[in-house]
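Heads up: the protein sequence lines correspond to chains A and B, in order.
Heads up: the first sequence at position 244 corresponds to 244 in my numbering, and the numbers run straight through without jumps.
Heads up: the second sequence at position 14 corresponds to 14 in my numbering, and the numbers run straight through without jumps.
Honestly, I wouldn't trust all of these hints.
Straight line, CA to CA, 25 angstroms or less: simulated DSS-like cross-link-like pairs of lysine-lysine [what the hints assert, rightly or not]:
1. Lys29/B to Lys12/B
2. Lys62/B to Lys62/A
3. Lys62/B to Lys144/A
4. Lys76/B to Lys22/B
5. Lys144/A to Lys76/B
6. Lys22/B to Lys22/A
7. Lys22/B to Lys12/B
8. Lys22/B to Lys134/A
Over the 10 angstroms line for every Cβ pair with chain B, so calculated as not near, a few chain A residues [said to hold, decoys possible]:
9. Lys29
10. Arg137
11. Leu143
12. Leu215
13. Asp237
14. Gly266
15. Ile299
16. Ser334
17. Glu337
Hint data in this document are derived by calculation from the structure and do not stem from the laboratory.
Even glycine gets a Cβ: it sits at the ideal position worked out from N, Cα and C.
Read off the chains here:
There are 2 protein chains.
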Amino acid sequence: MTRILQSTNMAKIAVTDGMEGKAILLLEKAGHEVVNESFTQEQLLGGALDGVQAIIVRSATKLTEDVIQACASELKVIARAGVGVDNIDLEAAGTLGIPVVNAPQASTQSVVELTIGHLLASLRFLPRANEGMKLGRWEKNTLKGTELHGKSLGLIGFGRIAQGVSRVARSFGMEVHAFDPYVPERIAKAEHTRLHKSIESLFSSCTHISIHCNLNDETYHLVNLERIRMMPTIGTDGIPCGNHIVNCARGGIVDERETLDALNSGELTSLALDVFEIEPVDANHPLLQHENFHGTPHIGASTLEAQLRVGMSIVDSVLDILDGKSCDFVVNQSYLE
Amino acid sequence: MTRILQSTNMAKIAVTDGMEGKAILLLEKAGHEVVNESFTQEQLLGGALDGVQAIIVRSATKLTEDVIQACASELKVIARAGVGVDNIDLEAAGTLGIPVVNAPQASTQSVVELTIGHLLASLRFLPRANEGMKLGRWEKNTLKGTELHGKSLGLIGFGRIAQGVSRVARSFGMEVHAFDPYVPERIAKAEHTRLHKSIESLFSSCTHISIHCNLNDETYHLVNLERIRMMPTIGTDGIPCGNHIVNCARGGIVDERETLDALNSGELTSLALDVFEIEPVDANHPLLQHENFHGTPHIGASTLEAQLRVGMSIVDSVLDILDGKSCDFVVNQSYLE
Chain A
1 MTRILQSTNM AKIAVTDGME GKAILLLEKA GHEVVNESFT QEQLLGGALD
51 GVQAIIVRSA TKLTEDVIQA CASELKVIAR AGVGVDNIDL EAAGTLGIPV
101 VNAPQASTQS VVELTIGHLL ASLRFLPRAN EGMKLGRWEK NTLKGTELHG
151 KSLGLIGFGR IAQGVSRVAR SFGMEVHAFD PYVPERIAKA EHTRLHKSIE
201 SLFSSCTHIS IHCNLNDETY HLVNLERIRM MPTIGTDGIP CGNHIVNCAR
251 GGIVDERETL DALNSGELTS LALDVFEIEP VDANHPLLQH ENFHGTPHIG
301 ASTLEAQLRV GMSIVDSVLD ILDGKSCDFV VNQSYLE
Chain B
1 MTRILQSTNM AKIAVTDGME GKAILLLEKA GHEVVNESFT QEQLLGGALD
51 GVQAIIVRSA TKLTEDVIQA CASELKVIAR AGVGVDNIDL EAAGTLGIPV
101 VNAPQASTQS VVELTIGHLL ASLRFLPRAN EGMKLGRWEK NTLKGTELHG
151 KSLGLIGFGR IAQGVSRVAR SFGMEVHAFD PYVPERIAKA EHTRLHKSIE
201 SLFSSCTHIS IHCNLNDETY HLVNLERIRM MPTIGTDGIP CGNHIVNCAR
251 GGIVDERETL DALNSGELTS LALDVFEIEP VDANHPLLQH ENFHGTPHIG
301 ASTLEAQLRV GMSIVDSVLD ILDGKSCDFV VNQSYLE
């Protein structure tokens, strides 16, 4: 850290969903008071945080328009210690002149690695094989998987994470495709990835699909039965590998009811989810019992590295804004305009 | 297949552990009689296969000296539809003038992919997280993993599989090391892999170890408590990632009792095994219940691709030898000398 650890004014900073200890220490060393505590929605609406200059959240705290207004009297910055900001009303914050910052690069590598882990776990039945062994089954001859090599991977969204996934997937010998209307052709080309002009074209070209876009009106239930039916089930190498979907982005992009139908009918070979429409997932969720499904509890950024990087990045951004400096990671357009 | 599918003499070929259907068809199209059937050790010792010209096995059939002698009267070739030949007495076959062939390249990519899958499954708790969700647990905050990026991977053995693992591991940003007294420095250098002069030096340098050597007197129980204790637990990036071991090579190279002790004492962070000292594994094996262990039932080559390639390669080799041609994949020195 090259920053001089002294701000001109002492500020009160609320950290409501926890943050890496080293990062909190840096805020305190900079002379600020840190309130590291969770609040109920009622407490927030009652103005429990009114008077703080900064609020740092992860995904649990829901900063709705009402909550932001109830806490806004001295609020100078809202920070999301992570990437997705769907729990923050960006427009309401912007209207009140409050920038919202996130840490978009901190968890990239962790999500890339989890995505590849889920792909391989699906194709080689890792959770299922482990459970079977514990039950005394030796499924060497029945759990016949397929290779990533020689297959086509379709990436929905082609930001930093998808580009990282593309690099590793190519090292396995996959052919990589992507759909992202906001990414220029030259970026895809530099990553040896074929950019499609429509989501239908992507699904029609790929035996394996991985999701790396935000959740919004455009992407809600983007993965549905109709599109799953477009996927080929024979690899570019001629192997009948079936079709496979992984989502380590946001719940709601995959229509869980329709993908379960597709698993049940055999129109989808495997599904792996790190994110769900409703989290935490209920133990009775019918997907959890399907033998061709496996999942993890939203752990894409749950690594020591990601949490450390997130904390450091957020501390930098919050201190910059409290010091009246500019910050590269402001995400609310309504504030920037 | 460019081969002219007609041998001069019709031979009787026994396939005792199954083989890909397309491969069996090729043997039949070449004019041979294929006996696709399993036999007990007693049947084999009783000469059930005496009179066949070729025996094609996987790992289940044990071709001991006695069995080979009992079947040898017209035997011209023994083929292992796979890589490891520890179920075949190579010397006994050689002494009787019988070449043993295998398919060393067919499963390379499948084992590379399973190895990376196991590494990621260990670091991100994939089987454990999936089981937890089914039990209604949402362990987002407790299952904090680590990245492969910025860590050092030590490969025991640096043949084709290890070289493939090295390439993918480097795409994740790992630093790759290897120990293999039979591989020249230039091969490691071409793969940007640091070759160590001793196994102790490798263990002392790597937070992650993956095994890719044969099982023999030299490698039996090569991974033991003493060597595990040499492993660093902090990555080259300074992250306290612990130490992790994966074995997708052969059971017996890892001392299961000592690695369980190391898991219990916390001296080993995670262990993933595809191969075991005794297979099939008993459901009461104490490793299976350890939360930092997960495993698969020897499925390294259990992919459609590997089985197809194995079948094609073995058919080629068997037909070559029956036709009196030379074959690149003869593995018994005693025959070659």
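Against the structure, the hints:
no.	hint	in the structure
1	Lys29/B to Lys12/B	holds, 13 angstroms
2	Lys62/B to Lys62/A	violated, 63 angstroms
3	Lys62/B to Lys144/A	holds, 23 angstroms
4	Lys76/B to Lys22/B	holds, 23 angstroms
5	Lys144/A to Lys76/B	violated, 31 angstroms
6	Lys22/B to Lys22/A	violated, 60 angstroms
7	Lys22/B to Lys12/B	holds, 18 angstroms
8	Lys22/B to Lys134/A	violated, 34 angstroms
9	Lys29	holds, 20 angstroms
10	Arg137	violated, 8 angstroms
11	Leu143	violated, 6 angstroms
12	Leu215	holds, 17 angstroms
13	Asp237	violated, 7 angstroms
14	Gly266	holds, 17 angstroms
15	Ile299	violated, 6 angstroms
16	Ser334	holds, 30 angstroms
17	Glu337	holds, 35 angstroms
In this structure, the earlier hints numbered 2, 5, 6, 8, 10, 11, 13 and 15 are contradicted, and the remaining ones agree with it.
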